[in-house]
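Student: Please take these sequences and the hints and turn them into a complete structure.
Number of protein chains: 2
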Amino acid sequence: MRRVAVIGVGMTKFGEHWEKSIRELIVEAGARAIEDAGIHGRDIEAIYGANMSAGRFANQEHIGALIADHMGLVPKPTVRLEAACASGGVAFREGYIAVASGAYDMVVVGGVEKMTDVLTEEAASILGLAGDYEWEVFKGATFPTLYALMARRHMHEYGTTEEQLAMVAVKNHENAVLNPFAQFRKRISVEDVLASPVIASPLKLLDCSPLSDGAAAVVLASEEKVRELKIDTPVWIRASAQASDTLALHDRKDLTTLLATRVAAEQAYKQAKVEPKDIDVAEVHDCFTIAEILAIEDLGFFKKGEGGKAVEEGQTARNAKISVNTSGGLKACGHPVGATGVKQIVELTLQLRGDAGERQVTRAELGLAHNVGGSGATCVVHILSR
Amino acid sequence: MRRVAVIGVGMTKFGEHWEKSIRELIVEAGARAIEDAGIHGRDIEAIYGANMSAGRFANQEHIGALIADHMGLVPKPTVRLEAACASGGVAFREGYIAVASGAYDMVVVGGVEKMTDVLTEEAASILGLAGDYEWEVFKGATFPTLYALMARRHMHEYGTTEEQLAMVAVKNHENAVLNPFAQFRKRISVEDVLASPVIASPLKLLDCSPLSDGAAAVVLASEEKVRELKIDTPVWIRASAQASDTLALHDRKDLTTLLATRVAAEQAYKQAKVEPKDIDVAEVHDCFTIAEILAIEDLGFFKKGEGGKAVEEGQTARNAKISVNTSGGLKACGHPVGATGVKQIVELTLQLRGDAGERQVTRAELGLAHNVGGSGATCVVHILSR
Numbered sequence: 001m002r003r004v005a006v007i008g009v010g011m012t013k014f015g016e017h018w019e020k021s022i023r024e025l026i027v028e029a030g031a032r033a034i035e036d037a038g039i040h041g042r043d044i045e046a047i048y049g050a051n052m053s054a055g056r057f058a059n060q061e062h063i064g065a066l067i068a069d070h071m072g073l074v075p076k077p078t079v080r081l082e083a084a085c086a087s088g089g090v091a092f093r094e095g096y097i098a099v100a101s102g103a104y105d106m107v108v109v110g111g112v113e114k115m116t117d118v119l120t121e122e123a124a125s126i127l128g129l130a131g132d133y134e135w136e137v138f139k140g141a142t143f144p145t146l147y148a149l150m151a152r153r154h155m156h157e158y159g160t161t162e163e164q165l166a167m168v169a170v171k172n173h174e175n176a177v178l179n180p181f182a183q184f185r186k187r188i189s190v191e192d193v194l195a196s197p198v199i200a201s202p203l204k205l206l207d208c209s210p211l212s213d214g215a216a217a218v219v220l221a222s223e224e225k226v227r228e229l230k231i232d233t234p235v236w237i238r239a240s241a242q243a244s245d246t247l248a249l250h251d252r253k254d255l256t257t258l259l260a261t262r263v264a265a266e267q268a269y270k271q272a273k274v275e276p277k278d279i280d281v282a283e284v285h286d287c288f289t290i291a292e293i294l295a296i297e298d299l300g301f302f303k304k305g306e307g308g309k310a311v312e313e314g315q316t317a318r319n320a321k322i323s324v325n326t327s328g329g330l331k332a333c334g335h336p337v338g339a340t341g342v343k344q345i346v347e348l349t350l351q352l353r354g355d356a357g358e359r360q361v362t363r364a365e366l367g368l369a370h371n372v373g374g375s376g377a378t379c380v381v382h383i384l385s386r
Numbered sequence: 001m002r003r004v005a006v007i008g009v010g011m012t013k014f015g016e017h018w019e020k021s022i023r024e025l026i027v028e029a030g031a032r033a034i035e036d037a038g039i040h041g042r043d044i045e046a047i048y049g050a051n052m053s054a055g056r057f058a059n060q061e062h063i064g065a066l067i068a069d070h071m072g073l074v075p076k077p078t079v080r081l082e083a084a085c086a087s088g089g090v091a092f093r094e095g096y097i098a099v100a101s102g103a104y105d106m107v108v109v110g111g112v113e114k115m116t117d118v119l120t121e122e123a124a125s126i127l128g129l130a131g132d133y134e135w136e137v138f139k140g141a142t143f144p145t146l147y148a149l150m151a152r153r154h155m156h157e158y159g160t161t162e163e164q165l166a167m168v169a170v171k172n173h174e175n176a177v178l179n180p181f182a183q184f185r186k187r188i189s190v191e192d193v194l195a196s197p198v199i200a201s202p203l204k205l206l207d208c209s210p211l212s213d214g215a216a217a218v219v220l221a222s223e224e225k226v227r228e229l230k231i232d233t234p235v236w237i238r239a240s241a242q243a244s245d246t247l248a249l250h251d252r253k254d255l256t257t258l259l260a261t262r263v264a265a266e267q268a269y270k271q272a273k274v275e276p277k278d279i280d281v282a283e284v285h286d287c288f289t290i291a292e293i294l295a296i297e298d299l300g301f302f303k304k305g306e307g308g309k310a311v312e313e314g315q316t317a318r319n320a321k322i323s324v325n326t327s328g329g330l331k332a333c334g335h336p337v338g339a340t341g342v343k344q345i346v347e348l349t350l351q352l353r354g355d356a357g358e359r360q361v362t363r364a365e366l367g368l369a370h371n372v373g374g375s376g377a378t379c380v381v382h383i384l385s386r
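Chains A and B are the protein sequences, given in the same order.
All letters in the first sequence, in the order written, are residues 1 to 386 by our numbering.
All letters in the second sequence, in the order written, are residues 1 to 386 by our numbering.
Calculated directly from the structure, the hints in this document are not laboratory data.
Any given hint could be a false lead.
Identical chains blur together in the list; that is why a pair holds if it fits in one copy or across any two.
[Stated by the list, open to error] Straight-line Cα separation of at most 30 Å, DSBU-like style, residue types lysine-lysine; simulated pairs:
id, residue 1, residue 2
1, 139, 230
2, 253, 20
3, 20, 139
4, 273, 303
5, 304, 321
6, 303, 270
7, 303, 321
8, 304, 270
9, 277, 303
10, 230, 186
11, 270, 253
12, 321, 13
13, 321, 186
Tutor: Right under this line is the structure:
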């Protein structure tokens with residue numbers, strides 16, 4: 001397989017875009033990525049689009065064709081990939097494999113979701129389609145409930161506290177303040193989180209990522225193409241790994257670890273020939289605060305059970321032991337589900353290139369993206385480097 | 001890119017499976033493909049799942065994970081691909097690219113759709129999400145309407161007759177009688193078609209493919225793996241090509257040709273170093289009878305405008321000039337949209353291996369699969385050989 005690099009990135013601001021359709025979000029992010037790469041649309045050979053549920057959120061399937069059409073890229077091949085909230089990660093992975101294979105020299109990977117055109121209750125129900133609908137949401141277990149079960153068990157087994165959960169949100173909001181594309185650019189305190197309405201105990205409103213509209217896109221190119229185009233700051237894909245788990249939470253042996261994260265991470269470290277301690281900056285899937293704690297443990301940054309303590313000690317803040325979710329994460333940057341996995345790559349690319357502005361970390365040589373679908377039935381891990 | 005072969009195929013009967021869930025359909029087809037390949041589930045390295053709209057038809061997204069879970073393939077990587085009715089074709093293409101790249105040595109590509117659990121009117125609306133929902137279905141133009149416009153224009157420009165359209169359905173029903181997995185194993189006459197209720201003039205009920213439930217799966221392996229497993233009858237993928245067109249019909253220059261079919265076909269013939277006249281057996285996308293006429297012209301089997309005449313002359317019957325839709329096609333074998341593109345590969349594989357039973361064609365060395373999404377916004381063409 002050939003080496004592949006990210007040569008351009010772009011995204012919309014994440015948030016409530018009542019004035020923009022899914023089509024406009026796609027074009028805005030896609031055009032920015034193409035401009036950032038310094039190429040023309042005609043140079044793109046194929047499109048890998050990520051979207052979870054436009055069929056429900058926006059009354060439109062065939063999202064690959066929608067992207068090609070509205071980006072003016074007809075008749076290029078285009079496809080949509082879906083793995084719930086990991087749609088962006090799997091699309092990035094398949095785009096990478098296609099370029100690595102030699103099928104294409106240059107592709108764009110884009111992710112989009114428009115979630116705020118439906119009622120909040122309906123959105124919660126649609127997001128439930130990421131889990132085992134028949135056994136979970138249909139019985140009333142929406143996603144906050146499922147992650148609340150994981151949080152309760154983690155608290156029971158390891159003494160993780162509600163304050164520690166809250167500190168994940170506080171840190172991610174802190175980072176988002178410095179990200180012009182983030183949905184919530186506002187500091188919050190542990191007290192704010194603890195005082196916010198209970199959604200599914202122990203998770204409160206401010207432990208949860210929001211409903212968001214947004215899109216993100218990246219341009220991938222083969223090593224030959226990177227040289228040909230004289231790209232100054234290619235960001236290389238050093239590892240791409242993916243794993244699955246049971247769709248339903250009740251079929252798992254352990255609620256305090258995501259098997260798919262552990263399997264994918266192990267493979268990714270092996271591919272890149274690096275260890276967890278070598279990672280400088282990581283975008284991890286914090287759909288709920290407990291999810292970030294599970295992630296930093298399952299990815300090997302901290303020992304199982306010590307994630308809460310690590311957050312409390314500030315080890316995951318910018319420029320601490322490992323900078324986690326410098327974008328603001330799903331919690332504060334926002335979580336338009338199909339776009340999230342691609343946004344993680346956008347953020348890592350900016351950090352590794354030294355283009356992350358006010359939130360730039362001082363040492364950014366190796367970055368890791370961790371994107372989860374549902375309650376962990378899909379996990380994708382990518383490792384990038386300068 | 002490495003050579004890749006189809007080494008196992010399986011499908012459910014297509015039809016109305018009110019007694020089976022989407023999960024059971026997946027397992028039935030998948031298990032048959034794995035058994036046919038003579039391998040074990042543990043030998044599979046990844047899953048490429050095709051599905052158009054389970055989010056709407058079956059209240060479930062995250063279909064890749066659903067497949068891995070219910071096939072007992074956790075923690076293998078799994079992803080769902082969607083390009084409306086071409087979902088199966090694009091999943092097969094991405095599975096092929098992944099094996100050709102060296103990312104995996106053996107994968108399964110499966111497609112599924114469960115369409116009969118919703119009301120017929122709702123199903124028509126869901127299928128409309130394959131087109132440009134905002135400009136087409138929302139205004140009342142469901143898919144029969146769009147293809148009726150193409151049929152009218154083809155009749156106007158080339159003198160194609162309603163009888164010729166009907167003959168496509170008659171031929172495909174004739175083939176389906178010999179296919180134990182087909183939905184409609186029943187002969188019909190031109191008079192039956194002409195006398196059936198008008199859906200969108202000139203298309204009548206019997207010009208239209210049905211709503212169907214079903215699944216299909218194929219196992220793909222690298223050349224090394226084919227040798228290692230001593231596969232007797234590998235069917236090689238000689239070409240894989242894909243193209244796109246505008247989502248909405250009104251944005252096209254010509255209603256009597258599908259640009260995406262022409263672009264993809266041209267690339268596929270070039271890759272395989274063959275010409276249209278070399279193809280012995282073809283599965284083409286006959287969602288409506290007019291679609292098969294467009295396909296056999298756009299694929300270069302017959303000149304533009306002469307497709308209707310070719311059908312009338314019997315040139316597309318089994319063992320005539322080219323055997324088209326020996327499975328019965330979408331029209332008579334059935335059209336569970338996510339499964340259709342994969343079923344086309346199942347049929348070609350059986351024909352090329354000489355395993356097609358009563359419907360076996362006498363000469364089957366080169367086969368072509370043609371899978372269309374929406375009214376032509378996606379087209380995938382594959383060429384297979386022994």
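Student: Decide, hint by hint, whether the structure agrees.
Tutor: The hints, checked one at a time:
1. When the C-alpha separation of residue 139 and residue 230 is checked against a cutoff of 30 Å, the pair qualifies neither within a copy, at 55 Å, nor between copies, at 48 Å.
2. For a Cα distance limit of 30 Å, the shortest separation of residue 253 from residue 20 across copies, 28 Å, qualifies, whereas the shortest one inside one copy, 43 Å, does not.
3. For a Cα distance limit of 30 Å, the shortest separation of residue 20 from residue 139 across copies, 21 Å, qualifies, whereas the shortest one inside one copy, 34 Å, does not.
4. In this assembly of identical chains, residue 273 and residue 303 lie within 30 Å of each other by CA distance solely inside one copy; the values are 20 Å within and 56 Å between copies.
5. For a Cα distance limit of 30 Å, the shortest separation of residue 304 from residue 321 inside one copy, 17 Å, qualifies, whereas the shortest one across copies, 66 Å, does not.
6. For the homomeric pair residue 303 and residue 270, the shortest alpha-carbon distance inside one copy (19 Å) is at most 30 Å, but the shortest distance between copies (54 Å) is not.
7. When the C-alpha separation of residue 303 and residue 321 is checked against a cutoff of 30 Å, the pair qualifies only within one copy, where the shortest distance is 14 Å, while the shortest distance between copies is 68 Å.
8. In this assembly of identical chains, the alpha carbons of residue 304 and residue 270 lie at most 30 Å apart only when taken from the same copy (20 Å versus 54 Å across copies).
9. Taking CA atoms no more than 30 Å apart as the test, residue 277 paired with residue 303 passes inside one copy only; the shortest distance there is 12 Å, against 64 Å between copies.
10. For a Cα distance limit of 30 Å, the shortest separation of residue 230 from residue 186 qualifies neither inside one copy, at 39 Å, nor across copies, at 62 Å.
11. In this homomeric assembly, residue 270 and residue 253 come within 30 Å of each other (Cα to Cα) only inside a single copy, at 25 Å, whereas the closest approach across copies is 51 Å.
12. Taking the closest pair of Cα atoms, residue 321 and residue 13 come within 30 Å of each other only inside a single copy of the chain (29 Å); across copies the shortest separation is 57 Å, beyond that limit.
13. Taking the shortest Cα distances, residue 321 and residue 186 sit within 30 Å of each other inside one copy (24 Å), while across copies they are farther apart (70 Å).
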